[in-house]
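Enquirer: Residue numbers (the numbering used here), protein chains in the order written: chain A, 1 to 461; chain B, 1 to 77.
Mixed in with the good hints, there may be bad ones.
What the hints assert, rightly or not - Derived DEER-like restraints, expressed as beta-carbon distance ranges:
{"hint": "1", "chain 1": "A", "residue 1": "Phe-160", "chain 2": "B", "residue 2": "Gly-66", "range": "42 to 50 Å"}
{"hint": "2", "chain 1": "A", "residue 1": "Glu-176", "chain 2": "B", "residue 2": "Glu-55", "range": "28 to 36 Å"}
{"hint": "3", "chain 1": "B", "residue 1": "Gln-6", "chain 2": "A", "residue 2": "Leu-50", "range": "35 to 43 Å"}
{"hint": "4", "chain 1": "B", "residue 1": "Gln-6", "chain 2": "A", "residue 2": "Ser-78", "range": "35 to 43 Å"}
{"hint": "5", "chain 1": "A", "residue 1": "Pro-450", "chain 2": "B", "residue 2": "Arg-29", "range": "15 to 23 Å"}
{"hint": "6", "chain 1": "A", "residue 1": "Pro-213", "chain 2": "B", "residue 2": "Gly-66", "range": "47 to 55 Å"}
{"hint": "7", "chain 1": "B", "residue 1": "Arg-29", "chain 2": "A", "residue 2": "Glu-322", "range": "54 to 62 Å"}
{"hint": "8", "chain 1": "B", "residue 1": "Leu-60", "chain 2": "A", "residue 2": "Gly-414", "range": "26 to 34 Å"}
Said to hold, decoys possible - Simulated coverage check for chain B against chain A, where a stretch passes if three residues somewhere in it have a Cβ under 8 Å from a Cβ of chain A:
{"hint": "9", "segment": "44–50"}
{"hint": "10", "segment": "53–66"}
Simulated from the structure, these hints should not be mistaken for laboratory data.
Cβ coordinates follow ideal geometry from the N, Cα and C atoms, glycine included.
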Amino acid sequence: MKKYYPLTAAQKLHYNWIRRYKTQQVSGVSVVASLKAPLDFGLLKKCIQLEFERYGCLRVRFTRPDEKGEIRQYIAESDSRDIPLKDLSAMSMAEADGLMQQWAYETFDGDDIPLCDVTMVKLPEGYHGFFIHMDHRLIDSCGLVVMINDLMQLYAHYRFQSPYPEDLADYETVLEKDLKRAGSGKRFARDKKFWDAQLEELGEPLYSDIQGPSVLEEARKRHGKASLRAADIELENLFVAVKDYELEPEPTKNLMDFCMNHQLSMTNLLLLGLRTYLSKVNKGQEDITIENFISRRSTHQEWTSGGSRTIMFPCRTVIAPETEFLAAAYEIQNVQNRIYMHSNYDPELIWEEMRRRYHTPEHTTYESCYLTYQPMPVQVNNPHLQGIAQHAKWFANGAATKKMYLTVSHTARGGMNFSYHYQTAHLCEHDMELLYYYMMRILFKGIAEPDRSIGEIMALV
Amino acid sequence: MTREEQFKEIVAQYCKVLPEDMTENTRFREDLGFSSLDFMSFLGELEDTFDVELEEEEVLQVLTLGEALALLERMEA
Chain A
1 MKKYYPLTAA
11 QKLHYNWIRR
21 YKTQQVSGVS
31 VVASLKAPLD
41 FGLLKKCIQL
51 EFERYGCLRV
61 RFTRPDEKGE
71 IRQYIAESDS
81 RDIPLKDLSA
91 MSMAEADGLM
101 QQWAYETFDG
111 DDIPLCDVTM
121 VKLPEGYHGF
131 FIHMDHRLID
141 SCGLVVMIND
151 LMQLYAHYRF
161 QSPYPEDLAD
171 YETVLEKDLK
181 RAGSGKRFAR
191 DKKFWDAQLE
201 ELGEPLYSDI
211 QGPSVLEEAR
221 KRHGKASLRA
231 ADIELENLFV
241 AVKDYELEPE
251 PTKNLMDFCM
261 NHQLSMTNLL
271 LLGLRTYLSK
281 VNKGQEDITI
291 ENFISRRSTH
301 QEWTSGGSRT
311 IMFPCRTVIA
321 PETEFLAAAY
331 EIQNVQNRIY
341 MHSNYDPELI
351 WEEMRRRYHT
361 PEHTTYESCY
371 LTYQPMPVQV
381 NNPHLQGIAQ
391 HAKWFANGAA
401 TKKMYLTVSH
411 TARGGMNFSY
421 HYQTAHLCEH
431 DMELLYYYMM
441 RILFKGIAEP
451 DRSIGEIMAL
461 V
Chain B
1 MTREEQFKEI
11 VAQYCKVLPE
21 DMTENTRFRE
31 DLGFSSLDFM
41 SFLGELEDTF
51 DVELEEEEVL
61 QVLTLGEALA
71 LLERMEA
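Full structure from sequences and hints, please.
Expert: Laid out in structure tokens, this is it:
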């Protein structure tokens, strides 16, 4: 018999966005993975169909919303769909990317329907592969990378007789464990105590915008409240543009070496770079909050069960300008470590608590920037396919719930890609240029002189 | 199953090292490859499994399996 489950906190995050912004587009995730080699598309189709059997999250569906708007999830027993093949080989790569970008804008509308599309593609320049378009409630980017590798391992097994891939963890088993843990009264009480204590210690957060203090000032005027500490969220024009910058392998290595030598995680170094920029453009504001995405995958089961395990929490730090760069990095790391321990909590409850305490107006926020650090590149790791050029690309869903969302990932050639997704209603490419330029100046000044104070670094860059 | 065996079984879910190859000097980060997130998630699981509340200040000092087990024993006492 089919079992129905509530959504996890990570799934609720996306569902709440869908409800707030009234479009499923905000929950779309798309990627193309391809190899510069001829592929047996008949075999690839069979492998994709087999992947639908192996990777339970691909078969997750949601019920019609009840009278309160709540939905439940279930796993369809099978999905024996045909997998289409599209030939884009006559286009330029830019044109093909442009077409796939249009596919990424498409929405999954309806209840009890599949929320995953896979299309095999013949791309220009001899690349062949597949395009995946899904709802984020089914999978996150780590889950997609695992899926792409599993799929190619299946292909290599049937094509080259390489070993059959290991079984993936059962989505339903991991879901049940997550829901059980989230439902634990003691766990919930511990997590709530942690998040409430942060508000008790630091009080109401203070908004900081990429464009400086004028944004908060305007919100204060609009709401007629000079003490307002939150700014308005864009609800009408959600269109997002993307600007990518690639950091070369050598400077990337310098950042990584700094992290390794000081036992820092890259996420925390990036958070420091971003928060220092926000502080700089907001007249040295010390209290800065950035929403940081965490992919809650630690155990083998969590890594291979698919599903949406990415969840965001506010990383709030109050750092005085005389704090040394390295000390500030450790301060952030300390905060983040504590957050990790309490990352089972539903972030919506943090927001509810702030609304209750501070009467924060509806449709306002304390954060303008969101960060994801993605340590896994979309790269097929298979010995039978080594040495073959690959083309992989993530596509924006075209509708941003966030003013600026930065995804930092590693490139196949050893560099790092800084992908800035920004709402065009308020920001332009020049804002991203400034942000990237100063972020890099801050980071490289800081790692070169880690004993220098944050205030000095802000003044020097 | 003893507490130590149960403890090692949980550790094994987070890495590719078998419980029988773990010693009290095994380090979470350097030997088992735990990230900060892995480590803190692991501690959360310890709390749920052994029904204890670990002191955050103390857990941040833990480097080895032996230290984590000793902390767990102190919390249970």
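Enquirer: Of all the hints numbered above, which does this structure not satisfy? Sort the numbers upward.
Expert: 7
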